[in-house]
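Given chain E, work out where chain X should sit, using these hints.
Protein chains: 2
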Amino acid sequence: MIKVSVMYPYAAGVRFDHAYYRERHMPMVKRLLGAACLYYTVDKGISGAAPGSDPIYVAKCDFICMSIEAYRAALNPYLQEIWDDIANYTDIQPVLQVSEVEVERSDA
Amino acid sequence: MIKVSVMYPYAAGVRFDHAYYRERHMPMVKRLLGAACLYYTVDKGISGAAPGSDPIYVAKCDFICMSIEAYRAALNPYLQEIWDDIANYTDIQPVLQVSEVEVERSDA
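As they're listed, the protein sequences go chains E and X.
Residue 3 in our numbering sits at position 3 of the first sequence, with consecutive numbering throughout.
Residue 71 in our numbering sits at position 71 of the second sequence, with consecutive numbering throughout.
Isolated chain E (complex conformation):
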């Protein structure tokens, strides 16, 4: 099982519409991924380690998938469509990481 993490770095003055991201963008990507994505998570950055400090990421999400090949095969035809939608909620260029899920959830 793998996880694709998409993270939006914080900087002063950046624009990010969390409601659009959560209600429109993420469900759209999930529809495009279909069965290649088991589920996703969405986070809104609050702070860094110190209370009141700036978060590293304004927002981030994880797509939990059976394999990176399935993820890439599913999204490949829609990369332009997804990219075009990003301008609807942010001016941040996201960074992306692929991880192996070592512990999906510790209480499972």
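If you're looking for bench data, these hints aren't it; they were derived computationally from the structure.
Hints may be right or wrong, so weigh each one.
[Claimed, not checked] In silico EDC-like pairs for lysine to aspartate or glutamate, Cα to Cα no more than 20 Å straight-line: (1) E:30 x E:107; (2) X:30 x E:102; (3) E:44 x X:69.
Below, chain X alone, put in the same frame as chain E:
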């Protein structure tokens, strides 16, 4: 519900013992957190956006908690103990982010 993400930035030549982290360190922190932490996740970095590229983080974890106050109150007496254990599995200084959980899991 909040999420504390602890992330270990990749750099060439860094040391990270994923087995120790997964089997020893993370269960220890969960024991110290007690009921303040609902569950945690553990990831091992594979790559960045491009296949074969370096990951942003060698490893990362999320602690899913009811509140940041409960997290801080639970860990505060043990910060030195936790910090001392980090040297047992890595020479990386982790970065930390607190997030609000907007979608815990999309299929729930």
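Results of checking the hints against the structure:
no., hint, result
1, E:30 x E:107, "violated, 25 Å"
2, X:30 x E:102, "holds, 16 Å"
3, E:44 x X:69, "holds, 17 Å"
The structure fails to meet hint 1 from the earlier list, while all remaining hints are met.
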